[in-house]
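Using the sequences and the hints given, assemble the complete structure.
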Amino acid sequence: MSYSLHHTKRNGQHLKLVVDDVTTQPSLFVTIYTLTKLTKKKLGTQTSYLKALRFFYEFYERKHGCTFDGAFISAEYNVDSFLKEADHFFEYLLSQQHLDGSVVA
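Take the position in the sequence shown, starting the count at 1, then add 1; the result is the number in the working numbering.
The hints are simulated quantities; they were obtained by calculation from the structure and are not laboratory data. Being a predicted model, the structure only gives us computed values, none of them experimental. Take the hints with a grain of salt, since some may be wrong.
Claimed, not checked - Once the Cα atoms are required to be at most 20 Å apart in a straight line, the calculated SDA-like pairs of lysine to any residue come out as: (1) K64 - S5; (2) K85 - L54; (3) K64 - L95.
As the list claims (entries may be wrong) - Per label pair, the in silico range of CB-to-CB distance: (4) T24 - A76: 31 to 39 Å; (5) G66 - K41: 29 to 37 Å; (6) A53 - Y78: 18 to 26 Å; (7) K43 - C67: 31 to 39 Å; (8) H15 - Y78: 24 to 32 Å; (9) T25 - A53: 28 to 36 Å.
Positions of the beta carbon are idealized from the N, C-alpha and C atoms, including for glycine.
This is the structure in structure tokens:
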């Protein structure tokens with residue numbers, strides 16, 4: 002239930018990835034987002050965006066007991082059911098649960 006940022010360098014290009022610490026695999030949808038939207042951005046910008054996404058992935062897994070990637074695939078990529086999580090995630094950040102590891106209610 003933990004994710005970390007990993008830095009990789011290939012052919013002179015730097016790239017950050019969000020990796021599931023249990024499976025040691027990069028997160029599917031974050032990796033797609035990184036490759037399509039973040040590769041041309043500076044490494045610091047990539048890091049900031051990916052930290053926020055890492056917090057969301059940890060929030061989602063704590064709250065629902067499954068990975069966001071797995072749930073999104075199971076929902077057949079229907080984003081509607083996940084939009085309500087934005088408000089809950091914002092409350093999670095405001096209460097600083099992402100810093101102390103509290104269980105999401």
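Evaluated hints:
| no. | hint | result |
| --- | --- | --- |
| 1 | K64 - S5 | holds (18 Å) |
| 2 | K85 - L54 | holds (16 Å) |
| 3 | K64 - L95 | holds (16 Å) |
| 4 | T24 - A76: 31 to 39 Å | violated (20 Å) |
| 5 | G66 - K41: 29 to 37 Å | holds (36 Å) |
| 6 | A53 - Y78: 18 to 26 Å | holds (21 Å) |
| 7 | K43 - C67: 31 to 39 Å | holds (33 Å) |
| 8 | H15 - Y78: 24 to 32 Å | holds (30 Å) |
| 9 | T25 - A53: 28 to 36 Å | violated (22 Å) |
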